[in-house]
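Novice: Residue numbers (this note's numbering), protein chains in the order written: chain E, 14 to 260; chain H, 15 to 200.
You may find that some hints are simply not true.
Okay, derived cross-link-like pairs now, DSS-like style, lysine-lysine, Cα gap no bigger than 25 Å in a straight line [said to hold, decoys possible]:
1. E:Lys176 with H:Lys78
2. E:Lys175 with H:Lys123
3. E:Lys175 with H:Lys77
4. H:Lys124 with E:Lys183
5. E:Lys15 with E:Lys98
6. H:Lys163 with H:Lys124
7. H:Lys77 with E:Lys176
8. H:Lys19 with H:Lys77
9. E:Lys153 with E:Lys175
10. E:Lys257 with E:Lys153
11. E:Lys183 with E:Lys15
12. E:Lys175 with H:Lys78
13. H:Lys163 with H:Lys123
14. H:Lys124 with E:Lys176
15. H:Lys124 with E:Lys257
16. E:Lys183 with H:Lys123
17. E:Lys175 with H:Lys124
18. E:Lys175 with E:Lys100
Because the hints were derived from the structure by calculation, they are not lab data.
Next come the chains, spelled out residue by residue.
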Amino acid sequence: MKEKFFNAVKFAPVILFWFVVWEGAAFLIQSDIIIVSPRVTFARLFELGATAGFWGSIGTSLGRILRGFLLALGAGVVLAALCAKFKIAERLVLPAVKVLNAVPIASFTILALMAFHSSNLSIFIAFVTVLPIVFFNTLKGIESTSPQLLEMANIFRVPTYKKIFYIYLKTLAPFVASAATTGVGFAWKSGIAAELIGVVRGTIGANLHTARIFLNTADLFAWTIAIVVLSYLMENALRFFFGKVIK
Amino acid sequence: MIRLKNICKSFGEQSVLRDISMEFAEGITCIMGPSGVGKTTLINIAAGIIAPDCGEIIGLHGKKVSMIFQEDRLLEWETALTNVLFVNNNRPRAIELLTQAGLADSLHKKAADLSGGMKRRVCLCRALIAQHDLLILDEPFKGLDAEIKPSIMQMVKDHANGITICITHDPSEAEFLGGRVISFAS
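Can you make the complete structure from the sequences, with help from the hints?
Specialist: Laid out in structure tokens, this is it:
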């Protein structure tokens, strides 16, 4: 706890420095369309924070993106386990996930807009963005499971559920944790980008779209800060959760 | 009784076992010999872990095997007690064995935090608690302190049942355990 406090204290001058740079840039450029000062941004953020629409948009985006993220987390782990166990699954799934990894988010978004109702867009986009990350990390984790421990468990005729719990899950946890903490940031960014492209009503993306249309840079900056803070909180919540699991 | 008949095994170009035949009857059999002559390969074949290139193993089918491996192969992130319970859920028996092995104060310590000798004792408890017809011990007393070693050897003698095969470099260990001694030469 003490260490965290001292780290925060050490980090404060760095934040202050960048705020000064930001304030200086806003002062020099003198254009509220290109850049607004931190004071204006935070004032706007507090204004927005006082409205129900702000929290409603955050809740909607957060709920959908988290759903896509969690679905990808589950599907990625299950698919990787199937691929590790069955050669045929590996032959079928591996190329598909590789393609998924290479296709640009914009293509998926346009495709999804034609196929689904736009309210499900960010769920789908978060899902396809995170799935390859979780899949490849989990596969790597399974491959790194100690063959000696598995051989030991086989010799002692240890039941499968114990092997999964004591060997596989313990080996996989750091890999899945790493994928989840990386993936949540990607889910968040891609999900909001999809909402923006699809102009999904009542979401963060739609608010960014409105800010762009009206050249309202203060709103754009305020929403961006909200996105960064939420991404940071989600990533740290996951770190905390997996920290407990790995312990 | 387990019979190994005309066993041979090579790893790449290196021939480790050539036309080996031997029998393991009920009781303790100690295998002695210098490092690198293929003792561990032989018992891994006897345990069914690795397949021989030629020859056959008679009498292994359906037998329950328990083993102390050359390496500890412990779940380093789990406690000494959990490592023993991993192979058999009999908690009172696990605690009894660990206590006998002088680990009563270390039941809840993670394997990673135990010394080499303590880990070896956890391995022994794990091997003894598992139901077995064939008990294979690959240098079970490696790294044990001189004070604790006699009681651990006695523990093996008391608890080993069925067919027990023990690899050792130390003639005094073989003598203590009694039974048959097979000397392996290169």
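Novice: Hint by hint, say whether it matches the structure.
Specialist: Hints versus structure:
Using a Cα cut-off of 25 Å, the hinted pair Lys176 of chain E and Lys78 of chain H holds, with the two alpha carbons roughly 18 Å apart. With a C-alpha separation of about 20 Å, the suggested pairing of Lys175 of chain E with Lys123 of chain H holds against the 25 Å cut-off. Distance check on the hinted pair: Lys175 of chain E and Lys77 of chain H sit about 22 Å apart at the alpha-carbon level, within 25 Å; holds. Distance restraint check for Lys124 of chain H and Lys183 of chain E: the Cα-Cα separation of roughly 14 Å lies within the 25 Å cut-off, and the hinted pair is therefore satisfied.
Taken as a hint, the Lys15 of chain E and Lys98 of chain E pair is broken in the structure, with Cα atoms around 46 Å apart against an allowance of 25 Å. Between Lys163 of chain H and Lys124 of chain H the CA atoms are separated by roughly 22 Å; this keeps the pair inside 25 Å, and the hint holds. With a C-alpha separation of about 21 Å, the suggested pair Lys77 of chain H and Lys176 of chain E falls inside the 25 Å cut-off, and the hint holds. A threshold of 25 Å between alpha carbons decides the hint, and for Lys19 of chain H with Lys77 of chain H the separation of about 18 Å falls inside it, so the pair holds.
Of the supplied pair hints, the one linking Lys153 of chain E and Lys175 of chain E holds, its CA atoms being roughly 21 Å apart against a limit of 25 Å. A C-alpha spacing of about 22 Å is found between Lys257 of chain E and Lys153 of chain E, which places the hinted pair at or below 25 Å, so the restraint holds. With a C-alpha separation of about 30 Å, the suggested pairing of Lys183 of chain E with Lys15 of chain E is violated against the 25 Å cut-off. Between the alpha carbons of Lys175 of chain E and Lys78 of chain H the distance comes to roughly 18 Å, so the proposed pair stays at or under 25 Å and holds.
A hinted pair counts as satisfied when its Cα atoms are at most 25 Å apart, and Lys163 of chain H with Lys123 of chain H qualifies at roughly 21 Å. Simply put, Lys124 of chain H and Lys176 of chain E have alpha-carbon atoms about 18 Å apart, close enough for the 25 Å limit, and the pair holds. With a CA separation close to 16 Å, the supplied pair Lys124 of chain H and Lys257 of chain E stays within the 25 Å bound. About 17 Å separates the Cα atoms of Lys183 of chain E and Lys123 of chain H, which keeps this hinted pair within 25 Å; it holds.
Annotation: proposed proximity of Lys175 of chain E to Lys124 of chain H holds, straight-line Cα distance about 18 Å (limit 25 Å). At roughly 24 Å between alpha-carbon atoms, Lys175 of chain E and Lys100 of chain E fall within 25 Å of each other, so this suggested pair holds.
Consistency note: the structure conflicts with the earlier hints numbered 5, 11.
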